[in-house]
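Note that the protein sequences, when read in sequence, are chains A and B.
To convert, note that position 50 of the first sequence is 342 in the numbering used here; the numbers rise steadily by one, no gaps.
To convert, note that position 90 of the second sequence is 174 in the numbering used here; the numbers rise steadily by one, no gaps.
One should not assume that every hint holds.
[Unchecked claim] Away from chain B, derived, C-beta distances all over 10 Å, residues of chain A: (1) S300; (2) G351; (3) Q362; (4) E384; (5) G395; (6) T396.
[Claimed, not checked] The list that follows gives simulated cross-link-like pairs (lysine to aspartate or glutamate, DMTMM-like), each with its CA atoms no further than 20 Å apart: (7) K128/B / D319/A; (8) K391/A / E337/A; (9) K128/B / E307/A.
FYI, nobody ran anything at the bench for these hints, they're computed from the structure.
Keep in mind that this is a model prediction, so the values were computed, not measured.
All residues carry an ideal CB built from backbone N, CA and C; glycine is no exception.
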Amino acid sequence: QKEVEQNSGPLSVPEGAIASLNCTYSDRGSQSFFWYRQYSGKSPELIMSIYSNGDKEDGRFTAQLNKASQYVSLLIRDSQPSDSATYLCAVETTSGTYKYIFGTGTRLKVLA
Amino acid sequence: NAGVTQTPKFRILKIGQSMTLQCTQDMNHNYMYWYRQDPGMGLKLIYYSVGAGITDKGEVPNGYNVSRSTTEDFPLRLELAAPSQTSVYFCASSRAPPGASGLYNEQFFGPGTRLTVL
């Protein structure tokens, strides 16, 4: 089992819709979870961080964490064409040396 | 603040050549990281540093070396470049380490260096 799994997509949603991106992880000891947005040819940009079970909202973005089920998700409300990018899930892992494990990313396409 | 800066942006190397990728951050972060990203893949950790003078290997360290003589700089050295090292390299930094939940452990990334080895 991969340590951090994401559906590679592309996930296509119409403009104005809600985009739902999911990520599962294998390390039950993980405490920190991050969503990064990466435009083609650019570096990852932090969108959200979440550390506790439940929801965390920031503008149009909501991160959801369920440690018992080992998944973290990102909801993007009122999706805009400018949201079209690859979204990377990163999870802090406690196996061996503390470090972050990145998923391969989900490509989101928002259709105008 | 410039954040994390990397040079060069692009580089083409011949097999067997060596080079140093530069990374500098001006946020006074102790923790710095080097990742590589292959097409369609996630980021793989090459090396990391928890402070000046202290470095350690990540998941894919073979073929690379690092040093950390100052808080600001964390160069990555490629010795004897191979085609398998063709990738995009990102440097990142954070104020706190992984495991410091909610305490500034977010990573900030530089713009990347696109390296091709022919």
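Tested hints:
1. S300: violated, 7 Å
2. G351: holds, 17 Å
3. Q362: holds, 16 Å
4. E384: violated, 4 Å
5. G395: violated, 5 Å
6. T396: Since the minimum Cβ distance to chain B is about 4 Å, T396/A lies within 10 Å and the statement is violated.
7. K128/B / D319/A: holds, 17 Å
8. K391/A / E337/A: holds, 18 Å
9. K128/B / E307/A: Not satisfied, since the Cα-Cα distance of roughly 33 Å exceeds 20 Å.
Checked against the numbered hints given earlier, this structure breaks hints 1, 4, 5, 6, 9; the rest are met.
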